[in-house]
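Student: Keeping their order, the protein sequence lines are chains A and B.
Mapping of the first sequence onto my numbering: residues 1 to 595, in sequence order.
Mapping of the second sequence onto my numbering: residues 1 to 189, in sequence order.
In case anyone wonders, no lab produced these hints; they're calculated from the structure.
All values reported here derive from a predicted model rather than from experimental measurement.
One should not assume that every hint holds.
[What the hints assert, rightly or not] Simulated pairs of lysine-lysine, BS3-like, Cα-Cα distance not exceeding 27 Å:
1. A:520 x B:4
2. A:452 x A:501
3. A:581 x B:82
4. B:70 x B:134
5. A:492 x A:481
6. A:142 x B:164
7. B:37 x A:520
8. A:558 x A:525
9. A:89 x B:4
10. A:260 x A:134
11. B:70 x B:31
12. A:452 x B:127
13. A:525 x B:4
14. B:82 x A:400
15. A:260 x A:585
16. B:70 x A:134
17. A:585 x A:525
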Amino acid sequence: MTYILFIFIGTVYIFLSFPVYSTGDGAEFSAIGFTLSIAHPSGYSLYSLILKFISFIPIGSISERMVLISVLFALLSLFILKKTLILLKIPRYISLIAIFLLSSIYSFFGQSIVIKFYTLNLFLISSFIYFVLKFFISKEEKYFFISIIIFGLISLNHHTGLFVLLSLILVILFNKFFNLRDYFIGFTILIFFFLLNFGYLKIRSLNDYSIKYSSINNFSEFINYYLRKNYSTSSLDSLNSAVYQNDFHILLFPLLNVSKLLLLNLNYFFILLLILGIFLLFKENKKLFSIFILNFFLYSYFLAKMTLAGENLQLKDWYISGHQYYLPMFFFSFIFIGLAVYRIVVYLESKNLYIAKKIFIFAVIFPGILNYVQRFQDQNFINNYVPYTYTKSFLASLPKNSLFLTQGDNLSFGIWYLKVLNNFRNDVCSLEYGIEDNKLYTRGCLPIDLYKNIYREFLVNNHLTYYAKNNRIFLNSGFPKDSVFNEVLDVKYVGLVYMAKEKNSLNSENNFDISSLGLKEQLFKTLLQDCLNHNSDDYYTLTLCRVFSNFYIFYGKKLEENGYIIKANEMYDIFFKLQQKNSDKLNFYSLEAEK
Amino acid sequence: MNIKKLLLIFTVLILAFFVKNIFYQYKNFSKAENSYKNGEFIQAIDYYERVILAYTPFSKIVNESVKNLKNICVNTDDSFIKLYCYETLKSSLFQIRSFYQPYRDDLNFAINQSAIIKAHNDANFTKEYLSLDKFNRTPNTFWSLLSILSFLGIIIFLYYLIQKNRINLISLGFILILTVIWLISLYMA
Numbered sequence: 001m002t003y004i005l006f007i008f009i010g011t012v013y014i015f016l017s018f019p020v021y022s023t024g025d026g027a028e029f030s031a032i033g034f035t036l037s038i039a040h041p042s043g044y045s046l047y048s049l050i051l052k053f054i055s056f057i058p059i060g061s062i063s064e065r066m067v068l069i070s071v072l073f074a075l076l077s078l079f080i081l082k083k084t085l086i087l088l089k090i091p092r093y094i095s096l097i098a099i100f101l102l103s104s105i106y107s108f109f110g111q112s113i114v115i116k117f118y119t120l121n122l123f124l125i126s127s128f129i130y131f132v133l134k135f136f137i138s139k140e141e142k143y144f145f146i147s148i149i150i151f152g153l154i155s156l157n158h159h160t161g162l163f164v165l166l167s168l169i170l171v172i173l174f175n176k177f178f179n180l181r182d183y184f185i186g187f188t189i190l191i192f193f194f195l196l197n198f199g200y201l202k203i204r205s206l207n208d209y210s211i212k213y214s215s216i217n218n219f220s221e222f223i224n225y226y227l228r229k230n231y232s233t234s235s236l237d238s239l240n241s242a243v244y245q246n247d248f249h250i251l252l253f254p255l256l257n258v259s260k261l262l263l264l265n266l267n268y269f270f271i272l273l274l275i276l277g278i279f280l281l282f283k284e285n286k287k288l289f290s291i292f293i294l295n296f297f298l299y300s301y302f303l304a305k306m307t308l309a310g311e312n313l314q315l316k317d318w319y320i321s322g323h324q325y326y327l328p329m330f331f332f333s334f335i336f337i338g339l340a341v342y343r344i345v346v347y348l349e350s351k352n353l354y355i356a357k358k359i360f361i362f363a364v365i366f367p368g369i370l371n372y373v374q375r376f377q378d379q380n381f382i383n384n385y386v387p388y389t390y391t392k393s394f395l396a397s398l399p400k401n402s403l404f405l406t407q408g409d410n411l412s413f414g415i416w417y418l419k420v421l422n423n424f425r426n427d428v429c430s431l432e433y434g435i436e437d438n439k440l441y442t443r444g445c446l447p448i449d450l451y452k453n454i455y456r457e458f459l460v461n462n463h464l465t466y467y468a469k470n471n472r473i474f475l476n477s478g479f480p481k482d483s484v485f486n487e488v489l490d491v492k493y494v495g496l497v498y499m500a501k502e503k504n505s506l507n508s509e510n511n512f513d514i515s516s517l518g519l520k521e522q523l524f525k526t527l528l529q530d531c532l533n534h535n536s537d538d539y540y541t542l543t544l545c546r547v548f549s550n551f552y553i554f555y556g557k558k559l560e561e562n563g564y565i566i567k568a569n570e571m572y573d574i575f576f577k578l579q580q581k582n583s584d585k586l587n588f589y590s591l592e593a594e595k
Numbered sequence: 001m002n003i004k005k006l007l008l009i010f011t012v013l014i015l016a017f018f019v020k021n022i023f024y025q026y027k028n029f030s031k032a033e034n035s036y037k038n039g040e041f042i043q044a045i046d047y048y049e050r051v052i053l054a055y056t057p058f059s060k061i062v063n064e065s066v067k068n069l070k071n072i073c074v075n076t077d078d079s080f081i082k083l084y085c086y087e088t089l090k091s092s093l094f095q096i097r098s099f100y101q102p103y104r105d106d107l108n109f110a111i112n113q114s115a116i117i118k119a120h121n122d123a124n125f126t127k128e129y130l131s132l133d134k135f136n137r138t139p140n141t142f143w144s145l146l147s148i149l150s151f152l153g154i155i156i157f158l159y160y161l162i163q164k165n166r167i168n169l170i171s172l173g174f175i176l177i178l179t180v181i182w183l184i185s186l187y188m189a
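Please model the entire structure based on the sequences and the hints provided.
Tutor: What follows is the structure, given as structure tokens:
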């Protein structure tokens, strides 16, 4: 039964995953993983190594293979859930129900079918807790060391995993495990893993031409990178000052937000079971209760103080922070829920209420079945080519030898994958525009030696505006108001992309070549179909398609100005269809964002 | 769950992944054929590309799609579509590389043709574009595989030492050797 359930879950996950790469960091991790390179902070050395391993499977495209890692670690996390529940003496069939339910909830399901490291993170955290429990129960020092090894691996992945160390400290106190030799060995293992991480980032920085987010040249750069100090506005780091504040509102909003997150992914019935499970464990075993409640607290309220502390959170906050970081909270929730379900079943059996028991078990399983049906509506990425076609459409629409300035991860990372790694329109030199520092990053135009003859004026003589004269600078978005580039360049929308011209030279251009828009319309037909036919509520997919829809309103206006009224109305219709199909309101978390 | 059952799950999942790609091949191939018949060449190129991206070894549909895509590239007179076609053929073939590169001859053909189009037959610029497309960012297969295996070796050996409680100088020396192999393979890859 166990393996049938795992095969079912794994097959559903594989079938509903993206055909190429997922939005967000999916394209970045595909490119980084394949080239064994360095991702955005904190570097994700372990994840990169595992991605590289899966890239050797000769089926599908490079990026399509990468999602198998998320599926695999989601299944392994579910396996650890089962093992943990069995360790707590909960029967196997209850643990299978818990697995089925956890696998069906929106955020767990969603993170299992995109190219992201969160299921790997969950697997490491849950395995760590499992071995900490084994250490607590058996008091054998080998479990202490195994926990330390897993913690070392956690340190090579994502820093939200580091919280779990507190539970080991708690168990050390419970077990009165004060062995200086073992502490020394454990500490040495941790330092060893920390150095392995530095070794990976340092060595993979030596190749100047590889696709990488940043280079790590020395230990202090490594520390800054690891602690994500380069980010001033990261979803995780920007709010972390809130951790140290105790103003009533700062204390209240994380609690409210994390409660909403739980309620949305579970429901009132499971929240009641969760509370009951917490209460029962407290009554039955105070020490076990302390271990689980500590982790539940760390990955719910404490994490929310860092990432979901605001009063009026936007959909983006819910989707980036809420949807990604809280998998451990759901994992621990289902341990409590599993315990509550078991105790209720035992109670009903003791009263000989066998029909009531069956009805109760059905009532517990049924929401999981409904969840799966709903996931086919909101997390069905099987036809979602949008992130890939979106990037391809931008690149394909550019004239030969264009400089392309990009803002935003979805397009910039897509270019890393499609252009830099897989050579689509390699004549284009793409530059990432840093909004915060007003810098242009040449990650999409490497190696410079090979590009410098084509873009000599820019790459050798640092003369960017030279290309504006020749209509060869394009952007995916206008410059921010305070950008230094506004002093030398003006930009205008020319259909999907913006073209940059020398300051004050735009007014002299009265004629607009409408035939170029007609050509683009032909080129964008596949993207149009993709935006109209994807079956997911992915926030970024919806956003990309809305950005794309502006092309049709623009083209419609130009057609109208030139007297093509019927064709113009067709374009307006397409615009409205795209807007309707890709409204923000369709997302799972949109109701919370609206409130 | 024993090792046999874990292997069974893993095999079924790889099979599911294989079947999913076969599904993509059939679905997109018929779309590509329809688009081609309707004279929508850009869409035909995009759907043939999707068949290639769903590559499975020895697939006749993928073979057919590479052939059809190449035919569109060669036979079209529209310079915009020609460039788009060669670029699509080239990047889709690059995307299906693993420890080997399928359709290497077709890939080289697409690289050469797209370079010629982009350079407007200017030999100097053709050389520039060729060097861009032939610039290899793929890490060495042997060394990258060794880096993964040696890392795995470090973890497994550490686990073994702890299970058997055999932490001594010889075992630490072995971990050191594995670490050095890992670092060297990362560098060489």
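Student: Can you list which hints this structure breaks, lowest number first?
Tutor: 1, 3, 10, 13 and 16
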